[in-house]
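**Student:** Sequence:
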Amino acid sequence: MRRLIGILLLLLSVITSTACSKSNQQSLDGEYYWISSERNEMAFTIKGDKGSIKHGEADSFNINKQNNTIELTGQNIANRTESYSFKNGVFSVNINGMKHEYYLKGSNAYNNALKKYSHK
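Numbered by mature numbering (1 follows the signal peptide of the UniProt record, and there is no 0), the letters in the sequence shown go through residues -19 to -1, 1 to 101 in order.
If you are wondering where the hints come from, they were derived from the structure by calculation, not from laboratory data. For each residue, glycine too, the CB sits at the ideal point set by N, CA and C. Any given hint could turn out to be false.
[Stated by the list, open to error] The calculated lysine-lysine pairs, modelled on DSSO-like cross-linking and capped at a C-alpha distance of 27 Å, are:
1) K68 / K31
2) K86 / K97
3) K68 / K86
4) K80 / K46
5) K96 / K80
[As the list claims (entries may be wrong)] Taking CB as the label site, the calculated pair distances span:
6) Y98 / I58: 27 to 37 Å
7) N75 / R(-17): 52 to 62 Å
8) N57 / Q7: 44 to 54 Å
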């Protein structure tokens, strides 16, 4: 009986640790907006490990989540790699010559940015 309980507890801890490690890999999927006092425009969308840029020199990018980098590609630029960070709905990256914060539509950060810059 003790052995059975021990095995069950071991299995439970393995399942829990596996579930927690997978939940740490947050999905980046969605629409991202550049919001400031001058603008509120969709900058790019992400689905899986690919991104599509709405305006700019680059047309698209591939995401390497392990290294937190994107590889920008397009007809008007030489392919280049940029580091990014993502936290609480804010994706920070340089896709157009300057690092900006882009807000995931529907996130708390997105809603707070809309309020901060008085966009409705």
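**Student:** CA of K68 to CA of K31, is that 27 Å or under?
**Tutor:** holds, 18 Å
**Student:** Holds or violated: K80 with K46, Cα cutoff 27 Å?
**Tutor:** Distance ~18 Å between K80 and K46 Cα, so the pair holds.
**Student:** Please check whether N75 and R(-17) have a Cβ separation lying inside 52 to 62 Å.
**Tutor:** Distance hint for N75, R(-17) holds at roughly 57 Å.
**Student:** For the pair Y98 and I58, does the Cβ-Cβ distance stay inside 27 to 37 Å?
**Tutor:** 29 Å Cβ-Cβ, so the 27 to 37 Å window holds.
**Student:** Is 44 to 54 Å respected by the C-beta to C-beta distance linking N57 and Q7?
**Tutor:** Given range 44 to 54 Å: violated, Cβ gap about 31 Å.
**Student:** If you draw a straight line from the CA of K68 to the CA of K86, is it 27 Å or shorter?
**Tutor:** holds, 14 Å
**Student:** Run the distance test for K96 versus K80: straight-line Cα separation, threshold 27 Å.
**Tutor:** Holds - the C-alpha atoms of K80 and K96 are around 22 Å apart, at most 27 Å.
**Student:** Take a quick look at whether K86 and K97 sit within 27 Å of each other, Cα to Cα.
**Tutor:** holds, 15 Å
When held up to the earlier numbered hints, the structure conflicts with hint 8 and nothing else.
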